[in-house]
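> The chain contents come next:
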Amino acid sequence: MVQIIKKNIFIIVQKVDGIIKGIADFNAYMKAIVRSFRSLRYLKIRSLYTIAVNQTRFTGIDALPLVSWIALLLGATVIIQATTNFPKYGIESFIGNLLVIIIARELGPLVTALIVVARSGSAIAAEIATQTQNREILSLELMGIDTRMYIILPRIVASFAAIFTLIIIFDVIAFFGGYLIALTSVYIPMGTFTQTLLDAFTFNDLLVTITKSIIYGVLIPLICCYYGLKPKSSFEIPIFVSKAVIRTLLIIFIINAVISVLFYF
Amino acid sequence: MECEEIKQLIEVKNVTIEGGKQNLRNVSFNLCLGEDVVFFGAEDSGIDHICPLLAHALEDYSGEVLYKEQHIKHMDFVEVHNFRKIFGYVQRGYALISNMTVYENIALPLRYHTDLSEKEIHELVDSLIVYLHLSHCRDLRPVMLTQSEMLRTAFARAIALDPDMLLIEHPLEGQCLWNAQIFLQALQNRAFAPNKTVIVVTYQPLVYIDIATRFIMLHEGSIVFDGTKEEFQTFQNEYVKQFVDVLPYGPMTLR
Numbered sequence: 001m002v003q004i005i006k007k008n009i010f011i012i013v014q015k016v017d018g019i020i021k022g023i024a025d026f027n028a029y030m031k032a033i034v035r036s037f038r039s040l041r042y043l044k045i046r047s048l049y050t051i052a053v054n055q056t057r058f059t060g061i062d063a064l065p066l067v068s069w070i071a072l073l074l075g076a077t078v079i080i081q082a083t084t085n086f087p088k089y090g091i092e093s094f095i096g097n098l099l100v101i102i103i104a105r106e107l108g109p110l111v112t113a114l115i116v117v118a119r120s121g122s123a124i125a126a127e128i129a130t131q132t133q134n135r136e137i138l139s140l141e142l143m144g145i146d147t148r149m150y151i152i153l154p155r156i157v158a159s160f161a162a163i164f165t166l167i168i169i170f171d172v173i174a175f176f177g178g179y180l181i182a183l184t185s186v187y188i189p190m191g192t193f194t195q196t197l198l199d200a201f202t203f204n205d206l207l208v209t210i211t212k213s214i215i216y217g218v219l220i221p222l223i224c225c226y227y228g229l230k231p232k233s234s235f236e237i238p239i240f241v242s243k244a245v246i247r248t249l250l251i252i253f254i255i256n257a258v259i260s261v262l263f264y265f
Numbered sequence: 001m002e003c004e005e006i007k008q009l010i011e012v013k014n015v016t017i018e019g020g021k022q023n024l025r026n027v028s029f030n031l032c033l034g035e036d037v038v039f040f041g042a043e044d045s046g047i048d049h050i051c052p053l054l055a056h057a058l059e060d061y062s063g064e065v066l067y068k069e070q071h072i073k074h075m076d077f078v079e080v081h082n083f084r085k086i087f088g089y090v091q092r093g094y095a096l097i098s099n100m101t102v103y104e105n106i107a108l109p110l111r112y113h114t115d116l117s118e119k120e121i122h123e124l125v126d127s128l129i130v131y132l133h134l135s136h137c138r139d140l141r142p143v144m145l146t147q148s149e150m151l152r153t154a155f156a157r158a159i160a161l162d163p164d165m166l167l168i169e170h171p172l173e174g175q176c177l178w179n180a181q182i183f184l185q186a187l188q189n190r191a192f193a194p195n196k197t198v199i200v201v202t203y204q205p206l207v208y209i210d211i212a213t214r215f216i217m218l219h220e221g222s223i224v225f226d227g228t229k230e231e232f233q234t235f236q237n238e239y240v241k242q243f244v245d246v247l248p249y250g251p252m253t254l255r
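Going down the list, the sequences are from chains Z and H.
The first sequence maps to residues 1 to 265 in our numbering.
The second sequence maps to residues 1 to 255 in our numbering.
None of these hints come from the bench; they were simulated from the model.
Glycine included, every Cβ here is placed at the ideal spot set by N, Cα and C.
Incorrect hints may appear among the rest.
Derived DSS-like pairs: lysine-lysine, alpha-carbon spacing no greater than 27 Å straight-line [said to hold, decoys possible]:
(1) Z:LYS31 to Z:LYS44
(2) H:LYS73 to Z:LYS230
(3) Z:LYS44 to H:LYS85
So these bits of chain H aren't anywhere near chain Z, every CB distance computed over 10 Å [unchecked claim]:
(4) GLN8
(5) ALA57
(6) LYS68
(7) ILE211
(8) VAL224
(9) MET252
Each pair of labels, with its calculated beta carbon distance range [as the list claims (entries may be wrong)]:
(10) H:LEU66 to Z:LYS232: 27 to 33 Å
(11) H:ALA57 to Z:ALA24: 23 to 29 Å
(12) H:ALA57 to Z:ASP25: 53 to 59 Å
(13) Z:PHE203 to H:GLU120: 46 to 52 Å
(14) H:LEU66 to Z:VAL53: 41 to 47 Å
The shape of chain Z in the complex, shown without the other chains (with noise of 0.2 Å):
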């Protein structure tokens, strides 16, 4: 019993340690490219250029009919769900709050996070792991190219851009399209439906997009693309893959708690 308990003890305690040094390495890797931001003055846009376009249009442009179709699905399910049974409390006047706060406060920004973290997130630990195993990111820093601006920024841009359109564009869907397949089972006219909707949004809930875009924008390829330059040989690849996916999603839901706890609590 004394020694299931110590070897309980023993691997918590390697866990915490473990968790530890990670933090204290992400911190060092924050840290050098905060420092990477005196590479700046000498950073050409152009160079960047192509990697926040392809970026752009991979984030963005290639994950719209994804994000569409899954947009069109939710908002039809939350607009049916209150429908048929708001009625039944005496509720029904607080349907356009319900969507507000369902689709336009937590569902957008967080599904479109996921789909952009399970899509591009990926994508980008995969692709820096494979450049940094054929020693590209080395070749690239003996060029005097400063890897951490040149790979990492335009990342960021290009997540920030896409993942405010995206969401933007999943919130319109999911009202819209969802409204039009509501419509199938029951009949909400078009003006009541759009002026309890304008109703309920408030600025806070423009802000709170915002700055989930923002986070979401700048920890995504941020955190992908640390576990994309860990690898030491080609078998740890998917292993950093999968740690960079798995890490950025849960630490995506503990700012989407927070980020509610903070503007609505």
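Guided by the hints, dock chain H onto chain Z, whose structure is given.
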């Protein structure tokens, strides 16, 4: 070997690297502007540390590497940035950027480091592409290239900024020598250009006999031969003789 003071490019003083499979032991040499040097030796002789050491890609060593009397280890971020513009580097395996075409790979240092217009970059890159016979694969990515095309692309990228010093690691590894002729001719032209230094690290020193002016051999981390082309060709040094003639017996033991 001594250089005229004004022509001294890099000085390596008593450098020691320990703890790995390849070590360097108290290695010292000068490199002068315009000098073309071949570093050679057996596997694990320490030659693979030479280019990273000169390019400030190694941190963990004792001794000094001086560029214009400044210890490169103590350079700050901006100094390293400027230092790396004075040399071109062809890595072992070439390390071309896999998601860029031949053209984009060659244009990369020009786009990053210069204020040239896109038109000027286009002209410069195209002239390098023609010079190195790469026109047929201008828009191909590295995965579509042959070994010699990859080598020529990496070479074009390394000389795009017309650096004073060119560092090349094992360029002919896995190459067909017949296909490598264009590269060897371009390397010779580069070596013969005034005030341009070429450093080649290789297992095949004889290939560079018409290019290099100085040969340095390492064995177990120490310099065992440092001489001119003429001194190298006499094969008087027993290490050189054993290595070039591929003899199993001599001062070096086969491991």
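> Indicate, hint by hint, whether the structure satisfies it.
Right, here's what the structure says about each hint:
no. : hint                             : in the structure
1   : Z:LYS31 to Z:LYS44               : holds, 22 Å
2   : H:LYS73 to Z:LYS230              : holds, 24 Å
3   : Z:LYS44 to H:LYS85               : holds, 15 Å
4   : GLN8                             : holds, 22 Å
5   : ALA57                            : violated, 6 Å
6   : LYS68                            : holds, 17 Å
7   : ILE211                           : holds, 22 Å
8   : VAL224                           : holds, 28 Å
9   : MET252                           : holds, 29 Å
10  : H:LEU66 to Z:LYS232: 27 to 33 Å  : holds, 31 Å
11  : H:ALA57 to Z:ALA24: 23 to 29 Å   : holds, 25 Å
12  : H:ALA57 to Z:ASP25: 53 to 59 Å   : violated, 21 Å
13  : Z:PHE203 to H:GLU120: 46 to 52 Å : holds, 50 Å
14  : H:LEU66 to Z:VAL53: 41 to 47 Å   : holds, 43 Å
Consistency note: the structure conflicts with the earlier hints numbered 5 and 12.
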